[in-house]
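Trainee: Need the complex rebuilt from these two chains, each delivered in its own frame; the hints are there to steer you.
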Amino acid sequence: MMNRRNFLKASGISIALPFMPSLAHAAGQKTTDAKRRMVCVHQCLGWEPRAFFPKEVGKDYKLSKTLLPLAENKDKFTVYSGLEHGVTGGHYAEHAFLTGVHIEDAKKYKEGNISVDMKAAEHVGFNTRFSSLHLALPGGVGRYDRTSWTRAGVSVPMQEKLDLVFSQLFTEETLTARKRAKKILEENSSVIDTVLGQSKDLSRKMNKDDKVKMSEFLSSLRETEKKIQAQNKWVMSAKPKVKGIGTVPSNIKELFPLYYDIIALALQTDSTRVASLQLPVTNNVYSDLGDDITEGCHLLSHHGHSKSRLAQLAKIEAYHMTLFNNFLNKLKNIKDGESNLLDNTIVLNGAGMGNGSAHSNRNLPVILAGGGLEHGEHKNMYDKDKIATPLCNLYLSMLHWFGVKADSFGTSRKALEV
Amino acid sequence: MNQRKSVSLLNLLALLFLVPAVQAEDKYFETTVKPFLDEYCIRCHGEKKQKGDRRYDMISSDFSDRESAFLWQDMLDQLHLGEMPPKKPFPTSEKQEEIVAWITTKMDKIREEKLASKTGTVMRRLSHKEFSNTLYDLFEFNDPNFLMAYGLPEDSIEHGFNNNAKELKTTSFLYEKYLKVADKVLDNVVLPRKVPKPRKWTLTPENLWGGRDVPVYHKDKEGKSYADLIGSMKMASRCWVEKGFEAPIEGTYKIRIKAQVLNRNHPDWKLHTTPNPKDDFKLGVYATSKEYGQISADNISDYHLKTLVIGDDKMDYEVEAHLKKGFAPYMIWLNGVKGAYSGKITEIAKKRFGVKGRNEVYLKHGRWKVTDMYYRGSRIRVYGMEIEGPFFKEWPPKITKKAFDGKLPEKVDAKYLESHLVKFASKAWRRPVQKQEISKIIELAKANLKAGDLNALKIGMKAILVSPGFLYHYQNDGMLNDYGLASRLSYFLWGTAPSEDLMKMAVNGKLTDEKSYDQLIKTMVDSPKTNKMLKDFAFQWLNFGKILVMQPDKNKFKSFYKSGASKYITEETNQFLIDLLRNNKSIYNCVDSDYVMVNSAMAKHYGLKGFKGKGFKALKLPPNSIRGGLITQASVLAATSNGVDTSPVTRGIWVMENLLGTPPPAPPADVEPLEPDIRGATTLVEQLKKHREMESCSSCHKKIDPLGMPLENFDAVGKFRTDYGGKKKLVVEAATVTSNGTKIENIIQYKKFLMENKPLFAKCLTEKLLSYATGRDMTYLERGEIDKIAKGLETKQGFRDLLITILKSNTFKSR
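Here the protein sequences line up with chains A and B, keeping their order. The first sequence begins at 879 in my numbering and counts up by one. The second sequence begins at 103 in my numbering and counts up by one.
Excised from the complex, chain B in its bound form (with noise of 0.2 angstroms):
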């Protein structure tokens, strides 16, 4: 860095006391500062001017004032970053050390006045996924596709964490869901008190497939219907109840299946791919439900019942089998025919019956029609399904039991909806509610007692689950509450309500008691729980989504595919801070490390020697290695890439706003941007400088292209690459200057740069815990704090102390 206008911190401590006292203060300004600001910074950031989107000819010295307030906390870390003024003159550096210390002290007071009357963290929504496992915890509902939960309309949110109370909205597609949701939910808990009684359900082949052309579907002489199963393909060939029958209520059922294997030794099984006449064959019986989609192919409320042996004599088999409410069987061959509604059958229609081309049976029956006409091998014929049930081995089930304290009362009166629902509410809402606060939704239940009690019960639990109580976060104003606190820390460490431990501690004052909320946190952070945040919070914070959004080429990067390294860049990063957490490393290791967490794909992917082994493990690096830290890991080099072509200007942006927390504003609106051009025409370096002649680019390209300069060295999967490839095999050149004059001439030089400057680093890793860890976006109030947590970090650098400290601090103790 340039050391000519950093401000060292000694000097501004001995400063603080030169600063002229309160009263003089406006007059200081109009002496002393704003003759600063005229002959330093008025010239690109005034009327005429504004770089940045920046203008201080008009800021006010009140910073009170949260425009001005903003700007000047924007002025500061410029002046401390050495970034600004960019050209002479140069104030002196006393000089720039007295309006450093001015603009500090008025910051620190005014964040004095400010915090005291902060809102905090606005009113927070319950993330999609905090919602699912808050309502699964809270029935102990088990099913790890929360198909309760499906369908709710995913949390929109463009930049930053998902779960940023301003961001989280609500709105009626939601709030309808939701209704559904606690419908569905309550279908399943509030049972009649007596035990269903078992019917028969006989299920003909029209019942099964409606009469369509696949499975094949026919009728014999006397008029039976029956079903060929002859495909392998999911989609295709499935046996699925069309009508007639679905579970009315979670139990068990007995599914019996009329089947038999015919055509078992048709010499056609060495045409096709079909299974040997000696094997097994396999009939797959599943579950599924209309609701989450078709049922004729996959959906995501499958799940496996039975995988049946069928013979070659018509038999019932018989399935005992879990079915949810609305749920029904669905059969497939699973070895079946492979391809038996393509190619393959075509070849046998021109072979043997003359068919001259696919155009002719395809175009004139349509697809499905043509295995029917022209196969002739083996198959498994069903003739019908019968299902008996509902049984139970309990009444009722353990879910209710444990909802209504092992039994529902005889009859559900006015009393007992009082007591029940203050005390759902409580443990629905996280926190004791009172009776008066329900009094609203105890009169509705009241209401509907005459129409059935059972249905006033649940007509007023409903209503609790649609309540802001359940919806939103519980946090009181000011320093949180022992139930604001378990809260945060359960929803930030687990994702999920606080448990019933957890709510044991708050109702006993323990996590507004330092002590034990000191081990409470230590013991929270060490389980294995929050392995799981760790990987939600690099996802975002290191916008692993783009991966998605921009996969890597399968052509370009057929090796990556196939050396299986694909599947694993991002658990590499998952694994490598996980790490950090569980042995405590320095945090630093984010930005240089001389050992990278890897398996064995990823070591060959980087051509890593002497990894042994299983898994994910640490490997030291040689000497003077390229890769190290964060940014030489396959998941940001890709995140950071468009799938197939690099650009260093999204990976200086990228560098700026995820590891130095010094994003640069948006481009100006009236610039067009530049349209890439890969043919090679011109070099990378030669557009950028073009870039950076045009005036209005320069400013902010002049910072962020050399960020992302030497990091041309690695390709859109994180392979190093000394030139472009293709024909022309341009050669990659990442040597580059940075905007304060410091020269990179490769990727090892620049993670020294990085490094050099880790306090920055610190501070932007704090600031992203703190948001994610808040659900707000950290602001000039909060920077006292973090300020303080980021020097803390140049001593004792652990992650785990890190995350430890940020839960004893204040900004995420209070609201």
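For reference, chain A alone in the conformation it holds in the complex (with noise of 0.2 angstroms):
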């Protein structure tokens, strides 16, 4: 029997599987995959660009500003340029991020634009109990719920609330109110049936215009559908014990890193294989990491080449840049059946805007972290004419990785290879 590593390889996808004693058998043996899982991490106002990528190409480059925090981890990361997705529209083309596709063109592909963690999420499906997970740090403005995507156009509600989502994912409920629970979701199942039922029925007398929005209406009732039984099948069996968060701090200092601690919870939970965090477009003053902080970090990106603003804009990407090492360092710590959760976790951080200043959405900032995967290298994917690289082809590569079987995905031409 063939072994995985050599299916892709004779497949014709290449991709570096990593080495795992798993994959080692004798041919016969069974073997069992470990549990594969991908975090995202959406940086929507970008990596400052002239401080993130560094000067030098191959492995011997040297970190660059942006990613010193990252040092101890220089081998267990790729850095890119010149990846994008060649849409333009400054904030308006961050939420294509994972897509690679804007939301306008989204009709021309045949999954629309699906991000590539929801992509993931569906090749999970049930078998977690949340198919994925969607963070955002809080105070996101306005319309900011930009990162995942449905096949359907759709946006993913990013959640901010931790407590909310601890519960969600760790307060067992006691047996009175899950078998309420369960009674309510079948409840639902028979009315969404009846609704569904009585809406085609109307459906059928509409003109064309109408007939459009309808189907909207039904397909995201068939979608909670489906919902409903995956939640159904959770719903009765005992929730992982993890220990409480507390009460929720304010000081973003101490805040923050809670996000990236429950994504590591819930991975190693096995309560969802699909993470994303959305670091938002928000105006807050991050007072909290110095007193030299004094303008919103939207304003900072926007840093129009003042040495202040961009002293301030250097200190906010570092915390945030050492928060991103500290979830490595996590994941890596952290025991996952033969090996350690970093080595079974993708992690991708990166932004839809290449430079937030000029609102650029060229050559997106890329980090690909972990995945057992050999990094520590700066890879360069222009070509000698200069010209950018998909970076669906990344993403197809993810896919590939997680165990997605797609020819393509978003705008990709090929897999790259990792």
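For the record, the hints were derived by calculation from the structure and aren't laboratory data. Among the clues, some could well be false.
Result set (DSS-like, lysine-lysine): computed pairs, CA atoms no more than 27 angstroms apart in a straight line [as the list claims (entries may be wrong)]:
hint, chain 1, residue 1, chain 2, residue 2
1, B, 299, A, 1057
2, B, 220, B, 910
3, A, 1061, B, 548
4, A, 1111, B, 279
Over 10 angstroms on every C-beta distance to chain B, these chain A residues come out as not near it, computed from the model [to be verified]:
hint, residue
5, 986
6, 1266
7, 1281
As the structure is a prediction and not an experimental result, all values here were calculated from the model. The beta carbon of each residue, even a glycine, is placed where N, CA and C say it ideally should be.
Mentor: And the structure:
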């Protein structure tokens, strides 16, 4: 029997799988793949490009200023330049970071503008209590759930209330409450059936334009029905027991790490295998990081080359990068199967904005970490004519790693070697 | 404006009669129109270049083609504006008028044809605001926070109004919430027939704090636990019900708290900001629910029950409290120690106990423990809590009585189900509902009768609340019928479902009766309830959301915050519009006015003298004032800034989009945006000039930039300035030349220039109001009527008149 590594090679998908003991079993022996996870961190405001991209290319590159906090994990991640989506619109194109497809073009693609995390979540299905987890640091302004997208072109609500997230994941309801929840799920199922039937009758008499809206309504009902099935499967089973988080702090130095902690916990307990974290467009002043931070984050991203603003921005970015580094460490220190959680989790960190100050959506900052892949490199993805590579090529590889059999994703041309 | 190319209406009308007969149309297009296009348009809008994203070499003379119709309408607008062609050779005015007349006739004809068969507003979901209002009105719930509709994902719209039918999507995330909301609502309405019996809960400190460090929690020698409240900080110092109680049903509960003050006279009160021993020690008792976020800190569901004054003797304090379902009480020592969990305590630790540094105690014991270890002063000690309830003044409660005509029948049977559900659906769906329409829902309810009759009723009602009939606007095809009009009027003007009175009028056919309709709309417009609509309309039309995204910088604009002006900027605009409506003042005051609507803070902010009194009032401006009109209001000037700096480009686009109704196309995809440099290396004027020199940028920025330049005299909070401040004190250069050659020296001349273009504003405002009222973008199809309304505004200029005209328009009254 062909093992997975060879299978992928034979099928022409060039993806380097990590060497794992389970894959080394002799032919004929039953092998169980480790559970694979995916985490995507979306820095909506982008990383300041001059500080982010390293000067040298290849293995011997020197860490850039922004990447310095990741020094101890240098061999655990790859930094890319020359990846982009080819969409424009500044803030109005950020939302394409994980999709590669601008919402307005979604109709042209067979899977719409589904995001890489949601595609992975579909693959997981009901196998975990939550097919995916979507968090956002607080303080986002306006409509800022713009990280994860379903194939129907709907943005997935990002949760920022940690205590609510925590209780969904880990707080055990009483038996009575669970029974009641189950009853309501079943009731809802029959209500949806009824409304579906009735609305379909209605739809027959409708004109073309209304039919489009009606089918949007009907498909959200069907989608809800699927979710109810998934919830029904899990509602009576016990939740994993973990230590509580206590009162949610307000100081961001204490608060922000908790978001990464909860993601790690959720992965570790196999409550979910896909998680996304949105660092939103916020104009909050992060004075908790020091009295020298006097201006809002969004404003600082539009630094206009002002020295004082760039200094503040650098401090905030360094803080975010430190959190990210701690997260990698955390995953690394959690044993998972015969390996550790970082080796079984592919972690993406990046932005849909290449240069926030100019509202440019080119040359997107991208870090890929973990997954037991060979890292430690700055890869320049521009070709000799300075033409960038579709970032979706990388997403396709991530999906392959995750176990999704797909020929393409978004605007991908072919999978990248990772 | 440049007079050379604009076409007088008289000429136009004269020419309409000269247009060749229909049969010859195509020939006319080939022989006359096409050559015109070839000569004057194709050089910039053809195969090679597509400036402004327009291409005219392939345009069809068949106006029924949507794409072509759009292009022709655009061309017509440009010719009217005199904007095109921008360079020589120019067509003769006779030639141009001939073409304009041809396009106009064709346009009118196609409009007439298409209007007859158009859909109008597509199936339109209630926006979240509309949904909450409708639900609350349906059951007559009263709660300003709309907690039952809590947690609905926001309506996500990037451009335009957030009630746009096409953009308002329904998703599974939303639908799941709808189901939850329906459950919650019905749990509060469909109640058991018998009065629930009261019971008693005894809560020890273990129930109250779960043994956490805050508040300081201890056991005495006998093993009895107590908790000390020390701080006054809402988050860390409150004492909440961790487990063991939440109100099983809405009702009155008696809460007894055993507590006392200890160490009242401890001398340490002078060291902290602690209440004077002589003060009342106040214990605030509140209610909160876990469902809306953590209860250890503020969440949206909190409400005040009572404030107790705690004495030195241990005793029970009773609070009679109205608790909603799922709620539990919590307590805070309102005038407790300030800084009980921060610097103050470490200082004491240092002084009194010789602790070395902040870190020594913090790191070792954790932040909260420090207070426990080193604080010795006064405190409120709580020993436990007893809750008894629920008690009721009447049963069933008012809401239930209302929902079931006073009383639920002894037994809900199939017959009752049928009649009640039809009645409920008719009310919830804002139109008469026939039995067969909801036959499936009735069947579902009947099938559940065995498992409990009230449950069956609930399921039926739930299905009605999550059906399209409830979740979407009612609108019939073609001209709206009575119910269609009732809904459209009510949601537009008052943001909610038609009232009972309005529905009665609809039943009696009063809305389709022109006379009573005209009377009705006046009454509705004049109701104070319309103010809310104006506020919401202004917020979206004028992009006030941007102010929240990029708030004015707190350091740069200290006085703006200190003076209180920051609180009133959008309110100024709201008051300005409300005044326009209530006093039927001319809409052109939006372009320029000889007065402002200000309160004392805003008058001071603008440096205007002579304001006396309280609240917002009209203040007459001196002649040739820089103020007046919307564009000199701080709200608009802040909404078009990034919180610190201003940009003539942003402001120019804002004027084009929101006042003139001529939005520029999006920048071409292959152009990288300019990266601003605020170090002052180059002046703004130089930067913009460079921008305009780039071929792909110039065609649009030639129009945009001059419309923003004169506003450079206003900073990001709307204060007048002549230089940019800082060390360099670069002088503001506000003078500019518009794309058609008009010279503008300053803001006063700029407002005059805009006034000369006031027909554009009339059209723009009409269009925006109609979009907002109907829930869809206006297209070339409605242009005929919009132009007519705008034309009427040349003479009858009042804002109230305009609103009434709009409510009478076919666009509003048809789907």
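Trainee: Now, for every hint given, state plainly whether the structure supports it.
Mentor: Right, here's what the structure says about each hint:
1. 299(B) with 1057(A): holds, 23 angstroms
2. 220(B) with 910(B): The hint holds at about 19 angstroms.
3. 1061(A) with 548(B): holds, 17 angstroms
4. 1111(A) with 279(B): holds, 20 angstroms
5. 986: holds, 15 angstroms
6. 1266: holds, 13 angstroms
7. 1281: holds, 24 angstroms
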